[in-house]
Amino acid sequence: MEKPEVTTQGSTVEEWTRALAESTGSPGGGAGTGLMLAVAASLTSMVAGYSGDDGGEPARIRERAQALRQEALRLADDDASASKAFGAAFRLEPGEERDEAIRRASVEAAAASAVLGERAIEAIDDLAWLATKGNRALVADVVVAFGALRAALAGARTNVSFDLGSLRSAGTSLEQVREQHPDLWAAVEKLNAAMDRIDELSTAVDHRAAPTDAI
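First residue of the sequence shown? That's 1 in full-length UniProt numbering, and the numbers climb one at a time after it.
Computed Cβ-Cβ distance ranges for the label pairs, DEER-style:
hint : residue 1 : residue 2 : range
1    : E57       : I215      : 29 to 39 Å
2    : F90       : R136      : 41 to 51 Å
3    : E93       : G147      : 42 to 52 Å
4    : R208      : F90       : 46 to 56 Å
5    : G95       : Q176      : 17 to 27 Å
Simulated from the structure, these hints should not be mistaken for laboratory data.
For every residue, glycine included, the Cβ atom is placed at its ideal position computed from N, Cα and C.
Start from the sequences, fold in the hints, and give me the full structure.
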């Protein structure tokens, strides 16, 4: 009897994390990346809600964050599906059919992770605004959100890079990968730069979030 599908949108946290703990790869690290983005978006929404209710910038940030939370969960489930196809391609018998399946699955998986990464990049500005202009009593929550967002960026960056690198299993060199998929290749460096920015933003407010470190 086939097990019911486990999704971020239709399962409990316990059910989903239990599925993540299984050696199936679906859900896997990519889906976990989407979940971390949803956590960052949720915390952003919470902090924005405590930072003003006059319909100004906090309200707009909260609206964007709530939409991102829902999208991130959907993207996590999309990535889980892509991971399943990725694993199936590598289980095929050696030959042209396997090579083609690997090429298709690798590019689709990289593209799914790149979308997650782009959404994470778009979320940085709102969290940066809250770090300096939001409710100062919630700065610790902002730092936790920065951590979740960085995890999402790191996951997306690594998965895009790894999936592109997997094309070598189908006989494609990295130089050919860069020429054939320039947008996905460029996404890796863009995500690296975004992680650097998150680190700078976190460092700038860490003295307020963790004052005991100063003693």
